[in-house]
Amino acid sequence: MTAVIGEASWFCCGTAWGPCASAGGGACGNCSSGKHQHAWPTASAACTSITDPGACGVGLTQRGCGFVHYVTNLCNGKEVGSSIADCGPNVHQFCGERTCCGSSCGTNRIVDLTASAFSAIASLSSGLIPIKVDTVA
Amino acid sequence: MTSQVDRRQFLTRAALGGATIVGATALGSLAPEAAFGATGPSVAPGAPDPAFAEGRITSISGSTIIAAGSDGTLNRIQTTGATSAWKLTPTSVGAAQVGDGLYARGVRMPDGTLAADALWLNIVSLDAHVVTLASDKVHLDHQGSRITGHVVKGVSAAVYNGTPAVADLSLVPVGGHVHVVGAWRPDTAEIDVSTVYAKV
Numbered sequence: 001m002t003a004v005i006g007e008a009s010w011f012c013c014g015t016a017w018g019p020c021a022s023a024g025g026g027a028c029g030n031c032s033s034g035k036h037q038h039a040w041p042t043a044s045a046a047c048t049s050i051t052d053p054g055a056c057g058v059g060l061t062q063r064g065c066g067f068v069h070y071v072t073n074l075c076n077g078k079e080v081g082s083s084i085a086d087c088g089p090n091v092h093q094f095c096g097e098r099t100c101c102g103s104s105c106g107t108n109r110i111v112d113l114t115a116s117a118f119s120a121i122a123s124l125s126s127g128l129i130p131i132k133v134d135t136v137a
Numbered sequence: 001m002t003s004q005v006d007r008r009q010f011l012t013r014a015a016l017g018g019a020t021i022v023g024a025t026a027l028g029s030l031a032p033e034a035a036f037g038a039t040g041p042s043v044a045p046g047a048p049d050p051a052f053a054e055g056r057i058t059s060i061s062g063s064t065i066i067a068a069g070s071d072g073t074l075n076r077i078q079t080t081g082a083t084s085a086w087k088l089t090p091t092s093v094g095a096a097q098v099g100d101g102l103y104a105r106g107v108r109m110p111d112g113t114l115a116a117d118a119l120w121l122n123i124v125s126l127d128a129h130v131v132t133l134a135s136d137k138v139h140l141d142h143q144g145s146r147i148t149g150h151v152v153k154g155v156s157a158a159v160y161n162g163t164p165a166v167a168d169l170s171l172v173p174v175g176g177h178v179h180v181v182g183a184w185r186p187d188t189a190e191i192d193v194s195t196v197y198a199k200v
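Protein chains in written order, with the UniProt record's numbering: chain A, 1 to 137; chain B, 1 to 200.
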């Protein structure tokens, strides 16, 4: 897979407090905010039909539960390896959404990281960050 | 930025190692935004991160916070003068209260204590559908649940199309989807809005 540039956020995953209390283990059943995991929009054919990245002109390889991606924060170069644990984000709801750090930009939401994975490469208060997703470190 | 993180980790380790630290800020400002990424030993993809903790605060004693993890784990979190904190805005660890939800990142000590480089108190990160918008609040649907977002004057901001944040939330699209970072009001379905990310 060629590296893909886009945006990342972090999301509720597993048991948690507050508005995340209702979040379960995700599509793969084992998602946890304390693990280095992420949601991927094409985690299955059914998932792809929900997230519909094609509506934004984004082509992503279908990868299933446990597949490892390496996500690099384009703001600082920090990288985290994480495995697929859920379906998401809903790419089609954010077509064209863009986040930049200086001249480094990412367009379209293509990955949601768990809080532990996101905080390894950015502050949780950052909200959205431009990222590169690859299959190799 | 990396040097700030390294300095914070140094300060944390030094503080817990018995070295006297009289005000971490004596070494310069430690911006909370720079307090992330204390990666420590590498973590295998999919594995739990020992440098991370989550839970709700059950007690605070001096610089020690006990938080009950949602998975049943009891986390002992040690704060130092170098620990940064976020609770709607960058703040001090003194803002932490019993009942708050937290995420923490730091250094796991041999006794299991997490020496915190950074605390995020009550922080939420939500994709939501905007139901209604008023000058003082925004009603959101998040995974089928209604959440009231309070607009906090001088704090709440909107980022439209990736442009710099502005205080004017009036362009937030009612009926559209947004991403919201905010601070949960414990035991309610309400948050205080930090930033709304919207495409207009």
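The set of hints was computed from the structure by calculation and includes no laboratory data. C-beta: ideal position from N, C-alpha, C; glycine also. Among the hints, a few may not be true.
Every beta carbon over 10 angstroms from chain A, so not counted as near; a handful from chain B, in silico [unchecked claim]:
1) S70
2) Q97
3) R105
4) T132
5) I147
Between beta-carbon pairs, the in silico distance windows are [unchecked claim]:
6) B:V98 / A:G77: 36 to 42 angstroms
7) B:G62 / A:Y70: 38 to 44 angstroms
8) B:K137 / A:C95: 33 to 39 angstroms
9) A:A55 / B:R76: 29 to 35 angstroms
10) B:T73 / A:G77: 29 to 35 angstroms
11) A:G102 / B:V155: 22 to 28 angstroms
12) A:A137 / B:R76: 31 to 37 angstroms
13) A:A46 / B:S61: 28 to 34 angstroms
14) A:G54 / B:V98: 30 to 36 angstroms
15) A:I50 / B:S59: 37 to 43 angstroms
**Prompt:** Looking at the structure, which of the earlier hints fail to hold?
**Reply:** Of the numbered hints given earlier, those the structure breaks are 1, 3, 5, 8, 9, 13 and 14, listed in rising order.
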